[in-house]
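Asker: Line by line, the protein sequences give chains A and B. In terms of this note's numbering, the first sequence is numbered consecutively and its last residue is 401. In terms of this note's numbering, the second sequence is numbered consecutively and its last residue is 401.
Hint data in this document are derived by calculation from the structure and do not stem from the laboratory. Check each hint, because a few of them may be wrong.
Because identical chains share one entry, a pair is satisfied inside a single copy or across any pair of copies.
Listed below are the simulated BS3-like cross-link pairs for lysine-lysine, each with C-alpha atoms no more than 25 Å apart in a straight line [to be verified]: (1) Lys115 with Lys153; (2) Lys102 with Lys115; (3) Lys200 with Lys72.
2 protein chains.
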Amino acid sequence: MPAKITLAHGSGGGMSSRLIADVFYDAFGTDGAKANDAAVLSLAGGKLAFTTDSFVVSPLFFPGGNIGKLAFCGTVNDLATAGAKPVALAASFIIEEGLELEELRLIARTMGELAAETGIPIVTGDTKVVEKGSADKVFITTSGVGIVPGELNYHPGRIAPGDAIIVSGTIGDHGYCITALREGIAIKSNVTSDCQPLHTMVSSLSSLGDGVHAVRDATRGGVGTVLNEWAAQAGQEIVISEGLLPVLDEVRGGCGMLGLEPLYLANEGKMLFAVSAGLADRALSILRQHPAGRDAAVIGRVNPGEPRLLLETEWGTRRIVPVPVGEILPRIC
Amino acid sequence: MPAKITLAHGSGGGMSSRLIADVFYDAFGTDGAKANDAAVLSLAGGKLAFTTDSFVVSPLFFPGGNIGKLAFCGTVNDLATAGAKPVALAASFIIEEGLELEELRLIARTMGELAAETGIPIVTGDTKVVEKGSADKVFITTSGVGIVPGELNYHPGRIAPGDAIIVSGTIGDHGYCITALREGIAIKSNVTSDCQPLHTMVSSLSSLGDGVHAVRDATRGGVGTVLNEWAAQAGQEIVISEGLLPVLDEVRGGCGMLGLEPLYLANEGKMLFAVSAGLADRALSILRQHPAGRDAAVIGRVNPGEPRLLLETEWGTRRIVPVPVGEILPRIC
Numbered sequence: 069m070p071a072k073i074t075l076a077h078g079s080g081g082g083m084s085s086r087l088i089a090d091v092f093y094d095a096f097g098t099d100g101a102k103a104n105d106a107a108v109l110s111l112a113g114g115k116l117a118f119t120t121d122s123f124v125v126s127p128l129f130f131p132g133g134n135i136g137k138l139a140f141c142g143t144v145n146d147l148a149t150a151g152a153k154p155v156a157l158a159a160s161f162i163i164e165e166g167l168e169l170e171e172l173r174l175i176a177r178t179m180g181e182l183a184a185e186t187g188i189p190i191v192t193g194d195t196k197v198v199e200k201g202s203a204d205k206v207f208i209t210t211s212g213v214g215i216v217p218g219e220l221n222y223h224p225g226r227i228a229p230g231d232a233i234i235v236s237g238t239i240g241d242h243g244y245c246i247t248a249l250r251e252g253i254a255i256k257s258n259v260t261s262d263c264q265p266l267h268t269m270v271s272s273l274s275s276l277g278d279g280v281h282a283v284r285d286a287t288r289g290g291v292g293t294v295l296n297e298w299a300a301q302a303g304q305e306i307v308i309s310e311g312l313l314p315v316l317d318e319v320r321g322g323c324g325m326l327g328l329e330p331l332y333l334a335n336e337g338k339m340l341f342a343v344s345a346g347l348a349d350r351a352l353s354i355l356r357q358h359p360a361g362r363d364a365a366v367i368g369r370v371n372p373g374e375p376r377l378l379l380e381t382e383w384g385t386r387r388i389v390p391v392p393v394g395e396i397l398p399r400i401c
Numbered sequence: 069m070p071a072k073i074t075l076a077h078g079s080g081g082g083m084s085s086r087l088i089a090d091v092f093y094d095a096f097g098t099d100g101a102k103a104n105d106a107a108v109l110s111l112a113g114g115k116l117a118f119t120t121d122s123f124v125v126s127p128l129f130f131p132g133g134n135i136g137k138l139a140f141c142g143t144v145n146d147l148a149t150a151g152a153k154p155v156a157l158a159a160s161f162i163i164e165e166g167l168e169l170e171e172l173r174l175i176a177r178t179m180g181e182l183a184a185e186t187g188i189p190i191v192t193g194d195t196k197v198v199e200k201g202s203a204d205k206v207f208i209t210t211s212g213v214g215i216v217p218g219e220l221n222y223h224p225g226r227i228a229p230g231d232a233i234i235v236s237g238t239i240g241d242h243g244y245c246i247t248a249l250r251e252g253i254a255i256k257s258n259v260t261s262d263c264q265p266l267h268t269m270v271s272s273l274s275s276l277g278d279g280v281h282a283v284r285d286a287t288r289g290g291v292g293t294v295l296n297e298w299a300a301q302a303g304q305e306i307v308i309s310e311g312l313l314p315v316l317d318e319v320r321g322g323c324g325m326l327g328l329e330p331l332y333l334a335n336e337g338k339m340l341f342a343v344s345a346g347l348a349d350r351a352l353s354i355l356r357q358h359p360a361g362r363d364a365a366v367i368g369r370v371n372p373g374e375p376r377l378l379l380e381t382e383w384g385t386r387r388i389v390p391v392p393v394g395e396i397l398p399r400i401c
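Could you build all of it, start to finish, from the sequences and the hints given here?
Answerer: Here you go:
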């Protein structure tokens with residue numbers, strides 16, 4: 069096998085088979101003899117969650133992860149937002165001719181290790197290769213299926229006045245980490261991406277039943293974008309308090325220097341929850357018992373009013389946090 | 069909305085929302101108010117088929133279809149190879165900055181029309197935008213879920229000596245169409261891509277029960293590659309007859325001129341079946357009643373013997389059809 073990806077690796081012929089067997093079957097623990105165009109899974113029935121996301125992050129490797137970890141966790145977390153127990157993932161790779169095979173292997177291995185750790189197998193996939201210059205190294209699209217327990221229905225439409233808004237930890241870590249890396253100040257940065265699977269943290273809240281109204285991972289566009297969408301979908305006002313937002317000191321300082329707003333920075337391991345006011349304390353204590361939720365905090369509340377997101381500053385003033393317009397940070401995930 | 073895609077369309081902010089609402093929700097008939105990160109589907113239980121494929125075809129538009137049609141049909145057909153009734157698709161778009169919005173709209177509309185015609189909705193999706201030069205116009209990854217009737221188990225491992233090999237129509241049309249277009253002889257070509265959904269054709273064979281052993285769409289790598297894989301997975305010899313292969317006259321002539329082998333050309337609307345010998349005639353007559361199977365033909369048989377694919381020429385000689393090595397036709401699908 070040559071050390072770099074060639075167009076022949078995408079031909080569908082012998083080189084493709086060898087690439088798939090050597091890199092992906094090996095990393096994902098796939099039994100090649102049983103592989104087929106579509107995976108078949110047995111289900112007990114009920115509600116199926118189904119999601120997909122493409123990942124184009126640049127650079128491919130960063131402190132705390134790589135594109136494969138992002139792709140795995142991103143889709144697991146999207147399933148979790150529906151309250152689903154993830155059952156299986158699919159992974160499709162678009163590879164630029166010339167990619168170092170070793171890079172691809174590292175990425176696939178990361179995904180395989182996450183599959184083993186979480187018990188969520190990667191059951192089907194695809195590989196395409198395009199000419200040098202027609203893609204940037206590798207793009208990954210992961211899709212996932214999961215089972216939603218019958219009684220759960222997390223949806224922003226269920227957000228109601230009085231709800232507490234909870235975030236599961238510090239905000240902006242992933243976006244700041246990638247930006248610092250690109251800006252070449254990585255050497256001074258200790259911030260790593262927060263990229264991690266959150267499905268067990270979300271399911272730990274299932275004991276609160278339908279007191280949990282909405283769940284969303286605050287990825288591209290950040291907490292500010294998700295809460296704007298929630299305000300619009302719920303038709304209510306959401307007010308968050310600057311002083312309650314968990315932000316790492318280094319992220320806060322770096323954002324000041326770079327002119328970035330942590331509220332708009334991507335997170336890859338943080339969830340937002342809208343929870344009935346009376347259950348907020350219980351939700352917090354449950355979340356904080358989970359390694360991914362140690363820094364969980366109530367950051368705001370839902371008020372009756374026009375659909376908008378307000379930020380209460382530490383001086384007591386209020387300003388509208390708009391939906392961001394224009395380019396924030398391209399290829400952050 | 070500007071006429072070309074900008075990085076801001078991929079920001080996750082306001083421009084992203086407008087792009088998604090304007091291009092995709094509109095084309096796919098999505099109720100934006102109900103949209104969420106993961107789609108939730110109700111299932112009766114049983115076996116779930118799950119598949120994914122990326123599409124990178126160049127050019128985006130060709131006689132008989134476009135990348136959106138390929139992406140829709142390719143995933144529907146992969147579900148069909150498992151005997152599944154397709155339930156829903158997911159579609160994820162990686163878009164190059166600068167793409168004409170109108171091209172994206174045409175592609176999305178084609179997918180939406182196919183969803184309406186087939187009754188298979190596109191229930192979830194994602195959009196990423198990368199800088200000019202980091203992708204080539206647009207890549208689409210579609211994933212699909214479907215329900216497999218309990219009794220069906222199509223798998224190459226079930227192929228047995230005596231089985232008839234059936235192809236559902238003329239071979240190489242898609243590969244030839246794209247090649248002709250690229251070689252600039254399109255003006256002389258009347259061959260259109262065979263890209264079409266095949267799930268209803270496959271399910272029409274369900275009355276044959278487990279007499280149908282394996283089903284596969286002969287896409288990238290063509291009939292020659294699939295039958296080599298089948299021979300290897302079944303551990304048997306497959307012999308096909310040159311004189312029985314349905315090939316359009318123009319494809320045969322053009323392949324001669326271009327030095328191509330129709331057996332290795334991609335098909336996007338043709339299925340291969342391995343069927344118990346005694347059921348071959350019934351299978352053929354059922355297939356020929358379906359618009360996509362009018363030219364269905366028995367092209368060969370399975371023999372006990374070492375795993376390989378043989379071609380019987382019209383002169384009665386036999387040669388091995390090898391697994392193709394090296395680049396065949398990049399970005400054919």
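Asker: Does each hint fit the structure? Answer for all of them.
Answerer: These are the hints, each one checked on the structure:
1. Lys115 with Lys153: both (11 Å within a copy, 17 Å between copies)
2. Lys102 with Lys115: between (27 Å within a copy, 16 Å between copies)
3. Lys200 with Lys72: Close inside one copy (11 Å) and across copies (24 Å); limit 25 Å.
In summary, the structure agrees with every hint in the numbered list given earlier.
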